[in-house]
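Colleague: Protein chains in written order, with numbering that gives the first Met the number 0: chain A, 0 to 646; chain B, 0 to 251; chain C, 0 to 203.
FYI, nobody ran anything at the bench for these hints, they're computed from the structure. Certain hints may be false.
What the hints assert, rightly or not - As a list, the in silico BS3-like pairs of lysine-lysine whose alpha-carbon atoms are at most 27 Å apart:
#1 A:Lys33 - A:Lys180
#2 A:Lys491 - A:Lys546
#3 B:Lys174 - B:Lys18
#4 A:Lys619 - A:Lys546
#5 B:Lys209 - A:Lys180
#6 B:Lys54 - A:Lys511
#7 A:Lys184 - A:Lys491
#8 B:Lys96 - C:Lys80
#9 A:Lys184 - B:Lys209
#10 A:Lys33 - A:Lys184
#11 B:Lys54 - A:Lys546
#12 A:Lys179 - B:Lys109
#13 C:Lys88 - B:Lys109
#14 A:Lys20 - A:Lys31
#15 A:Lys179 - B:Lys54
#16 B:Lys3 - A:Lys311
#17 B:Lys248 - A:Lys180
#18 B:Lys151 - A:Lys374
#19 A:Lys184 - B:Lys109
#20 A:Lys491 - B:Lys18
#21 A:Lys390 - B:Lys10
#22 A:Lys20 - A:Lys200
#23 A:Lys546 - B:Lys51
#24 B:Lys174 - C:Lys176
#25 A:Lys511 - B:Lys51
#26 B:Lys10 - C:Lys176
#27 A:Lys374 - A:Lys311
#28 C:Lys80 - B:Lys20
#29 B:Lys109 - B:Lys20
#30 B:Lys18 - A:Lys184
#31 A:Lys184 - B:Lys126
#32 B:Lys126 - A:Lys179
#33 A:Lys488 - B:Lys51
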Amino acid sequence: MTQIDSKIPQGPLAQKWTNYKASQKLVNPANKRKLDIIVLGTGLAGASAAASFGEMGFNVKIFCIQDSPRRAHSIAAQGGINAAKNYQNDGDSVYRLFYDTIKGGDYRAREANVYRLAEVSNNIIDQCVAQGVPFARDYGGQLDNRSFGGAQVSRTFYARGQTGQQLLLGAYSSLSRQIKKGSVKLFPREEMLDLVLVDGKTRGIVTRNLVTGAIEKHGAHAVVLATGGYGNVYFLSTNAMGSNGAAAMRCFKKGAFFGNPCFVQIHPTCIPVHGDYQSKLTLMSESLRNDGRIWVPKKKEDAEALRAGRLKPTDIKEEDRDYYLERRYPAFGNLVPRDVASRAAKERCDAGFGVNETGLAVYLDFKDAIARLGKSVIEARYGNLFQMYEKITADNPYETPMMIYPAIHYSMGGIWVDYELQTTIPGLFAAGEANFSDHGANRLGASALMQGLADGYFVLPYTIQNYLSHEIQTPRISTDRPEFEEAAKAAKARIDRLMGIQGSHSVDHFQKALGHIMWEYVGMGRTKEGLEEGIRRIRQVREEFWKDVRVTGTADEFNPELEKALRTAEHLELGELMARDALLREESCGGHFREEHQTADGEALRHDDQFMYVSCWEYKGAGEEPELHKEPLIYENIKIAQRNYKD
Amino acid sequence: MEKKGLNLTLKIWRQENAKAKGQFVTYQVSNISPDCSFLEMLDILNEQLVDKIEKPICFDHDCREGICGMCSLYINGRPHGNDTGITTCQLHMRHFKDGDTIYIEPWRSKAFPIIKDLVVDRSAFDKIIQAGGYTSVNTGGAQDANAILIPKKNADLAMDAAACIGCGACVATCKNASAMLFVSAKVSQLALLPQGQVEARERVTAMVAKMDELGFGNCTNTRACEAECPKQIKISNIARLNREYLGAKFCS
Amino acid sequence: MSITGLFLVLFLLFHMSMNLVAVISLEGYDMVCEFLGANWYALVGTAVLAAGAVLHIVFAILLTWQNMRARGPVGYQAPNKTETEWAAKNMFVLGIIVLGFICLHLCNFWAKMQLVEIMGAEPAQGSALIVSLFSKPLYVVLYLIWLTALWFHLTHGFWSALQTIGWNNNLWIPRLKAIACVVATVIACGFAAVPIYFFFFYNA
Chain A
0 MTQIDSKIPQ
10 GPLAQKWTNY
20 KASQKLVNPA
30 NKRKLDIIVL
40 GTGLAGASAA
50 ASFGEMGFNV
60 KIFCIQDSPR
70 RAHSIAAQGG
80 INAAKNYQND
90 GDSVYRLFYD
100 TIKGGDYRAR
110 EANVYRLAEV
120 SNNIIDQCVA
130 QGVPFARDYG
140 GQLDNRSFGG
150 AQVSRTFYAR
160 GQTGQQLLLG
170 AYSSLSRQIK
180 KGSVKLFPRE
190 EMLDLVLVDG
200 KTRGIVTRNL
210 VTGAIEKHGA
220 HAVVLATGGY
230 GNVYFLSTNA
240 MGSNGAAAMR
250 CFKKGAFFGN
260 PCFVQIHPTC
270 IPVHGDYQSK
280 LTLMSESLRN
290 DGRIWVPKKK
300 EDAEALRAGR
310 LKPTDIKEED
320 RDYYLERRYP
330 AFGNLVPRDV
340 ASRAAKERCD
350 AGFGVNETGL
360 AVYLDFKDAI
370 ARLGKSVIEA
380 RYGNLFQMYE
390 KITADNPYET
400 PMMIYPAIHY
410 SMGGIWVDYE
420 LQTTIPGLFA
430 AGEANFSDHG
440 ANRLGASALM
450 QGLADGYFVL
460 PYTIQNYLSH
470 EIQTPRISTD
480 RPEFEEAAKA
490 AKARIDRLMG
500 IQGSHSVDHF
510 QKALGHIMWE
520 YVGMGRTKEG
530 LEEGIRRIRQ
540 VREEFWKDVR
550 VTGTADEFNP
560 ELEKALRTAE
570 HLELGELMAR
580 DALLREESCG
590 GHFREEHQTA
600 DGEALRHDDQ
610 FMYVSCWEYK
620 GAGEEPELHK
630 EPLIYENIKI
640 AQRNYKD
Chain B
0 MEKKGLNLTL
10 KIWRQENAKA
20 KGQFVTYQVS
30 NISPDCSFLE
40 MLDILNEQLV
50 DKIEKPICFD
60 HDCREGICGM
70 CSLYINGRPH
80 GNDTGITTCQ
90 LHMRHFKDGD
100 TIYIEPWRSK
110 AFPIIKDLVV
120 DRSAFDKIIQ
130 AGGYTSVNTG
140 GAQDANAILI
150 PKKNADLAMD
160 AAACIGCGAC
170 VATCKNASAM
180 LFVSAKVSQL
190 ALLPQGQVEA
200 RERVTAMVAK
210 MDELGFGNCT
220 NTRACEAECP
230 KQIKISNIAR
240 LNREYLGAKF
250 CS
Chain C
0 MSITGLFLVL
10 FLLFHMSMNL
20 VAVISLEGYD
30 MVCEFLGANW
40 YALVGTAVLA
50 AGAVLHIVFA
60 ILLTWQNMRA
70 RGPVGYQAPN
80 KTETEWAAKN
90 MFVLGIIVLG
100 FICLHLCNFW
110 AKMQLVEIMG
120 AEPAQGSALI
130 VSLFSKPLYV
140 VLYLIWLTAL
150 WFHLTHGFWS
160 ALQTIGWNNN
170 LWIPRLKAIA
180 CVVATVIACG
190 FAAVPIYFFF
200 FYNA
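I would like the entire structure built from these sequences, with the hints used as guidance.
Modeller: As C-alpha cells, then:
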C-alpha cells in the first residue's frame with residue numbers, strides 16, 4: 000500500500016504556509032528559462048497559474064478544448080468570491096473564513112490547506128483589482144460586499160451577477176500578456192488524451208488537435224491539471240457542455256490517486272428539467288435565496304392541480320403554503336447551505352408536493368420581498384437573473400413565483416493532491432476544481448472562484464518551484480522517446496477502436512443513460528442497494544457502449560462526436576468509481592447523503608470515528624478493482640461539531 | 000396543457016473544412032417543443048443525422064447559459080436570432096412559428112475563417128487582447144484593493160463594458176464586419192479605471208493597429224453591433240475608444 | 000471622413016444662408032455673388048472646399064472598399080434583419096446620389112459663374128440663373144430629390160462624425176441624434192426654399 004504523505008509543513012496552523020515559503024527551494028532565473036511547464040485548462044486555476052509561471056520566467060504551454068481561453072467554464076460563476084478582508088467590519092477574519100469553510104465542508108477537508116486558502120484570499124482581491132476587474136463598489140468608491148450562501152459575515156466580492164466572468168477575464172488578460180511576451184504558448188482546440196511518464200515522473204502529454212484530428216506530443220518538466228470538475232457524468236448539470244472529467248481520469252489511470260470521488264455538490268436553485276431533449280440545466284444564483292422564499296403547497300391536491308395546470312401558484316392561499324425551509328430550519332431559514340436546501344426540496348417532491356409538469360420543482364417566491372422592498376429594489380438586485388429566467392421559461396418572476404429544482408453543480412472530489420498540490424505522480428500537479436482539496440464534502444458559495452485563483456496565483460507558483468528545483472539538471476524533454484510514441488499509439492488505438500465499433504446508438508444516448516443512472520442511484524439520496532444496483536447498471540451501459548456506440552465521421556477531422564465519445568468512455572468508468580466511493584462511505588456528510596445514516600429528523604449523520612479520512616483511490620488496471628487508501632484528517636485547531644442550522 | 004410541436008425547414012450551411020466549398024443543405028425537423036432551445040433543436044436534428052449515419056452539423060457551443068460566448072449562429076439574418084440581449088443558446092423555439100423556414104449561417108468575416116460547417120475561428124479576438132487588453136501587473140505585490148477609490152459611476156460603466164463575452168455578433172452583423180464594439184469594450188473598461196491609466200495610450204494604439212491588421216472593417220456607426228450585442232454594450236464605448244485613440248495619436 | 004464631413008456641413012450652412020438671400024432680395028443675392036467671384040479669398044475658399052469634398056469622396060471609396068472586403072469570400076444568404084436606421088447603412092449610395100447632383104449643380108451654376116470668371120470672361124448673373132432654372136418643373140423636382148438624399152445623408156452623417164471624433168456618450172447619443180436631425184432639416188429646408196419659392200411664388 001502506497002504511503003499517503005500529505006506533506007503538511009510543521010508548525011502552528013497560522014505559520015505553516017509562511018514556514019513553507021521560507022524553507023522551500025527556488026529555481027534561479029537562468030534555469031527557469033530551461034524548464035517547461037504544461038498547463039491543461041484555461042479556467043481560473045489554469046489561466047492564473049500559466050500567467051504566473053510565465054511572469055516568473057518558465058516556458059509554458061497552455062491547452063484548452065475551446066476556441067479561446069476565455070470560454071472556460073469558470074466564466075459562468077455568477078455569485079462572487081470570498082475573501083477575509085473584513086472591509087465591512089463585521090468580525091470576519093482569516094480564521095473565521097477557514098472555520099466556516101471546514102465546517103461547511105462537513106469536516107472532510109484538510110486543515111492546513113483550507114487555512115492557507117483563507118490566508119491568501121485577500122491577495123486575490125488585491126490582484127484582481129490591480130488587473131482592472133470591475134468589482135461592485137459603494138458610493139464612497141470602496142469595494143462592496145454581500146453575504147452569500149448563509150455566511151454570517153459579508154465577505155463576498157462580486158461583479159454584478161458575472162463575477163466568474165470578470166475574474167476569468169482578468170486571468171485571461173494576464174495570460175494574454177504572457178502570450179504576447181512569448182513566455183506562454185497557447186494551444187486552443189486541443190484535448191489532452193494521455194499523460195506521459197518516464198521513470199515514474201511526469202514528462203509530457205499526448206493531445207488531439209480538435210480541428211485536424213492530429214495526435215500531437217508535448218514534453219515538459221511538470222504538468223498542471225486544471226481541467227475542472229466532472230459534473231457532466233450526470234449528463235444534466237449546470238456545467239458547460241464541454242466540461243468533462245476525462246483528463247482527470249486519464250491521470251488517474253496513470254497512477255494519480257482520485258480523492259473523494261463521491262463528493263459532488265447539488266445546487267438547490269436551478270431551472271427545472273422541461274423535457275427529454277434538455278441538454279443542460281441553468282443555475283439561478285444562490286443570492287436569490289436572500290430575498291426569495293421557498294415553498295410548496297401544503298395539500299397534495301393543490302400540488303396535483305398545479306401540475307395539471309388547473310391552478311396557478313398565485314391561487315394558493317398563504318395558509319396553504321408550506322415554507323418548508325423556514326419551518327425546518329428556523330435559524331437559517333431559506334439560507335441553509337446548498338446540500339441541506341437541495342435535500343429538503345427533493346424530500347418534498349418525493350413526498351408528492353412538487354409542482355411543475357414533472358412534479359420535480361418547488362417555488363421560489365419574491366412576492367413578500369417585492370411587497371417589503373418594492374419592485375425597483377428587487378429589480379436592481381436580481382434584474383438580470385429575472386430576465387434570464389423569463390427568457391428561458393417565458394414566466395415573469397415578478398408576477399408568478401420561479402420554479403426551481405436542485406441540479407449537479409460542482410465536484411468537491413477530484414485528483415488527490417498533497418499540500419503542494421502535487422498528485423501521487425511526481426511532477427503532476429492538480430489545481431482548482433480538478434483537485435479534491437479544499438471543500439471537504441460540501442463547498443460554500445463563492446468559494447470555488449477563491450480556490451481556483453488561490454491555487455493558480457498564490458500556491459502553485461511557489462510549490463511547483465520546489466519540485467522543479469530538483470529538475471534543473473534534466474534537459475528539455477524530447478518527444479522522440481519511446482514513452483511518447485507508446486502513449487500516442489495507445490491514444491490512436493483507442494480512437495480507432497471507438498471509430499470502428501459503428502454500432503447503432505449515438506454517444507449522447509450512452510451519456511444520457513449513464514446520467515440517469517447516476518442521478519437515480521448516485522444522486523441526492525444514496526442507499527447501499529441503490530449504489531450496488533447503480534454499479535451494476537453502469538457496467539452494463541459501459542459494456543453496451545463499447546459494443547454499440549456509433550461515432551460518425553472520421554478521426555482526422557473536426558469531429559465533436561468523437562470528442563464526446565472519448566469523454567463518455569472515461570465518464571463510464573468515473574461513474575462507477577463515484578458509486579464505489581459512495582458505497583464505501585457509510586455515513587452522510589455534505590453532498591454525500593446515505594439514507595441509512597440520518598438523524599431522527601432526517602438530517603445528515605456523520606460517523607467521524609470511522610470516516611474522518613479522505614478516500615484515495617488507486618487505479619489497478621482495466622477491469623481490476625481500484626484500491627482504497629486513506630488519508631486521515633486530523634483536526635487540531637477546530638472543535639468538531641455536528642452541523643446545525645436549526646438554531 | 001399540451002403545447003403544439005413545431006415543424007420546421009432548416010437551411011443550414013455545410014462546409015467540410017476551411018478549404019472546401021460550402022453550400023446550404025435543407026433539413027426537416029418535426030414536433031419540436033416551443034420550450035426547447037435553439038441549440039437543443041439542433042441536437043435533436045443531429046441525433047437524427049447520426050441515426051441515418053450522416054455527419055452531424057458542427058456548431059460551437061459550450062455553457063448554454065449565455066456567458067461563454069461560444070455559440071455563434073446567424074439565424075434568418077440576425078446573429079443569435081430573432082430576440083435582443085441574448086446569445087444563440089438562449090434563443091428558444093417559441094420565437095418561431097410552425098412551418099417556418101430558418102436559414103442558419105456561420106459568422107461571415109474575413110477575420111473569422113470557417114473551420115467546419117457553422118464553426119468559425121475567432122482567434123483574431125484573442126490576438127487583439129494579446130496586443131494590449133491587459134494591465135501589466137505581475138502576480139503578487141498588488142496594493143490593498145481599497146487603496147485606490149473608484150467612483151461607483153465609473154466602476155459601473157467599466158462593468159457595463161467588461162460584460163463583453165467575445166462572441167463576435169457585433170462583427171457578424173456589422174455590414175462592414177467591424178470589430179470596433181469588441182475592441183472598444185476592453186479599451187473602455189480599462190480606460191475608466193485608474194489601474195488602466197498607466198498604459199492607456201499604448202493599449203489603444205496597439206489594439207486598434209492589431210484590429211486593422213487582422214482585416215476587420217471600419218466603423219460607420221450603423222449601430223447594428225449595439226442592437227445585436229447579447230450583453231447590450233453601448234456604442235458610447237466606441238466614442239470613448241475614438242477619444243482615447245485620437246488623444247494617444249495627438250500626444251505621442 | 001468625419002472631419003471632412005463636418006467641414007462640408009459648415010459649408011452647406013454657409014451656402015444655404017447665401018441662397019436664402021435670393022428669396023429675400025435678388026439684388027442682394029447678386030451682390031453676394033459678385034463678392035464671391037474670382038477674388039483671391041473666394042478662390043482659396045473654393046480650393047479648400049474642393050479639397051475637402053475630394054478627400055471626403057476618396058476616403059468614402061477607400062473605406063467602402065475595405066469594408067466590403069472585410070466580409071470575407073462568402074456573404075450571407077439571408078438578408079440582414081438587424082434593426083438599424085436605413086440612412087446609416089446606405090451612406091455610400093446616398094453619397095453617390097448627392098455627388099451626382101453636385102455635378103449637375105456645378106454645371107448649372109458654378110460653371111456659368113465662378114468658372115467663367117476664372118477663365119477671364121464675364122460671369123452670368125446669379126439671380127437670372129436661379130429665376131430661369133427654377134421655372135422649369137423638372138429641375139425643381141430633381142433638386143428636391145437631391146435635397147432629400149442630402150437630408151438622409153446628414154441625419155446620419157452629422158452625429159456619426161461627432162461620434163467618430165469621440166464626442167459622444169450614453170447621455171448625448173439621443174441628443175446628438177436630435178441635433179443631427181435639426182441640422183439636416185434646416186439645411187435641406189433652407190436649400191429647398193429657393194426652388195420652391197421661385198417656382199411657386201416668384202413673378203418676374
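Colleague: Of the hints stated earlier, which fail here?
Modeller: Checked against the structure, the hints that fail are numbers 15, 26 and 33, while the rest are satisfied.
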